[in-house]
Amino acid sequence: MDLAFSPEDRAFRDEVRDFIATHLPADIRRKIQAGDHLAKDDYARWQRILFERGWVASGWPKEYGGTGWGPIQRHIFYEEIAFGWAPRLLPFGLHMVAPVIIEFGNDAQRARYLPTIANGEEFWCQGYSEPGAGSDLASLATRAERQGENYLINGTKTWITAAQWADWIFVLARTDPNAKKQEGISFILVDMKTPGVTVRPIETIDGGKEINEVHLENVVVPVENLVGKENEGWTCAKFLLEHERTGTAGIAGCRQQLETLHELIARESIDDPRLEERIAQVEIELEALAFTELRTLAAESAGKRPGPESSILKIKGTEIQQALSELALDALGPYAESHLAPKYFNFRKTSIYAGSNEIQKNIIAKRILKL
Amino acid sequence: MDFTLSPEQLLIKDSVARFAAGDHAGTEKWPQFAELGWLAIGAPDDLGGFGGPIETLLLMEQFGRGLVTSPYVAQVVLAGQILRAADRTELLERLVEGTERFAVAYEEPQARYDPAAVKTSAVRDGDAYVLRGTKVRVLDASTANTLIVSARTGDEISLFAVPADAPSATRENYASEDGYDVANVRLDGVRVDAAQLIGPVGGGLALLERALDHATAALCAEGLGLMSLMLEATVEYTKQRRQFGVPIGSFQALQHRMAEMFIEVELARSVAYMAAMTLEEQAGDPVARRRGVSAAKVQMAKSGRFVGQNAIQLHGGIGMSEEYKVGHYFKRMTMVERLLGDAQYHVARYIASRGAAVTAAPDRDPVGASGSRAS
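Chains as they are written, first to last, in my numbering: chain W, 1 to 371; chain A, 1001 to 1375.
Source of the hints: derived by calculation from the structure; they are not laboratory data. It cannot be assumed that every hint is accurate.
Lysine-lysine pairs mimicking DSBU-like chemistry, simulated, CA-CA at most 30 Å apart [stated by the list, open to error]: (1) A:LYS1029 - W:LYS366; (2) W:LYS343 - W:LYS366; (3) A:LYS1302 - W:LYS343; (4) A:LYS1029 - W:LYS370.
Sample of chain W residues with no beta-carbon within 12 Å of chain A, all distances over it, derived [what the hints assert, rightly or not]: (5) PRO87; (6) ALA290; (7) GLU319; (8) LYS370.
Each residue gets a CB set at the ideal place from its N, CA and C atoms; glycine is no exception.
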């Protein structure tokens, strides 16, 4: 039994740390440290830098330009990104649609889409949720009607992060309204510039507009944009859910939150033993979760498939993120510093998105405890 | 990075699991433990010892799962680690053989848990010391031949081996809620030779603290075992128990509660291993040791309380019956949570050992992850 990273992994960590320290643009680092929102160009610049280093496609098979990293290296990479105050790239292109195109798409699609996903020339967003379909995604109603060489798509997708920046949207749409729920769904790629696609920002309680509604009205999409087989889109969706679990717990991000919190307390000369105690409790739980993540990683490294244990990481990780945002607000009180309250408001989303914590508990109950 | 157990470790785990699953209630276990070699865990090789904190964890987890009531933590881990660090090989040898048994008397009425809060005095008188004071909550004293007692020699603390039947050492046993042997001991001028010193004069606190950390880690492992059994029993029960025509385990409110219990058990598992690995890999760093072990106890206390309380809740009425096992696990968990320092004590200890700088990028390997980036 041995907790240490191998010398190769440690060397890799040093390499990544070094690269970030020397190549991350200072203005981007400052924004992340201050908790400010990034602009599209910030993401594009950083992605270009990582692309040129060959470090952008961490989850892709090597033959398609992937880095060939195992679970431990991926973990190290994302930890160093957080510790170096670098942005996490938006996952929709790189870590969501690309793996699906690689696994279920055809050569023409791989040739057309993968290069611009990798170099960041094209941005993507995820067209899954609808006003009437959140946790019950399979009940989605967006309709894709086959008409000759095209699909005619009608419907509304919502809660879409970065749709305002996206060149493409991958859409789960119903191609067979008579089939049983999951069995009539297809995975279709839609160009955001297609007539009939309208993006409306949704303002959230933190004052930001990171999410949007996308209306699809008689949008004509060539049949070539279907990924995989018609009516087998749910398989793609499930594959996506099981595929990229790295960083689910957001541990490194939480450590950064903690560091920021301690700096804040020192800077404001806050002397509050009870607050210190509450912070220590969360810190301890964070370390317990971090160790749990390492145990999962070690198992994955030894060949075990990622499974429902990631639900533990999601539930506890988001609870800790929220607790830290709460403690920061408690430390300074209301009306004190401009971004602490909005950050707390914004973080209420973490227990809701990526599979609500209640759904995650259902998963643990059914798939682990077999209830 | 590897969390798999070696064949030797698996052997220990399996043999203890077998013992724990058997009928061990009320039996005189010590000769059995001696024969099975379990008294030698954590002792040096040249005394026939083997293993360390991980092996202790494996044993204690199984003891927890089987609700094995024994003086193991107090007499093997706590006492044994003091003797080991003090190089008292002849005493340690007798402990390992099972021919002499040791209990540790350190706590005093004026301060819960704190080994530095000592008023018991050891006054020099020629070649001897005279001990005067009161020790409380001494674990497993009645089966011990020798008490290891902490007392003040001047400004420092020293440890002394005191025969349990020494005249002027009065022991008052009392019943505990979890079936354990606990006593208060009054020392009214007990005379001990300088030869009965354990460790150097004035060097007792460091020895005691280190051993307490080992014993605390062992308790974390026992807690893990208790919790995992309580969860399993609860899941099993809710699958069987039917009300309103269905197993109650199909109700979402209960499913979610059990999912939450599962998460707590996993966190407890992590910290039990974290504590053991801290003891193994950072033996030379008392601050890191303190931080790792105290963090583990804090988490274990929180997780254990949640799992224990909810195990009873989800069992409904029968969870409250003395006849059914879950209540007994819950009672032991309640004691373990507070033994050798409750959450409050250990949070303060964690904060003190963490220092001003805080958790950020691990510059060292994961066990040292709570170190400061600035260092």
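Verification of the hints:
Annotation: proposed proximity of LYS1029 of chain A to LYS366 of chain W is violated, straight-line Cα distance about 41 Å (limit 30 Å). Between LYS343 of chain W and LYS366 of chain W the alpha-carbon distance is near 33 Å, which puts this suggested pair outside the 30 Å criterion. Taking the CA atoms of LYS1302 of chain A and LYS343 of chain W, the gap is near 28 Å; set against the 30 Å cutoff, the hint holds. Restraint check for LYS1029 of chain A and LYS370 of chain W: the C-alpha separation of about 37 Å exceeds 30 Å, so the hint is violated.
At roughly 17 Å, the least C-beta separation between PRO87 of chain W and chain A is larger than 12 Å, which holds for a residue marked as non-interface. At roughly 6 Å from the closest C-beta of chain A, the C-beta of ALA290 of chain W falls inside 12 Å, breaking its exclusion from the interface. Not every CB of chain A is more than 12 Å from the CB of GLU319 of chain W (nearest about 9 Å), against its label as outside the interface. Interface exclusion of LYS370 of chain W from chain A breaks down, the closest Cβ pair being 8 Å apart, not more than 12 Å.
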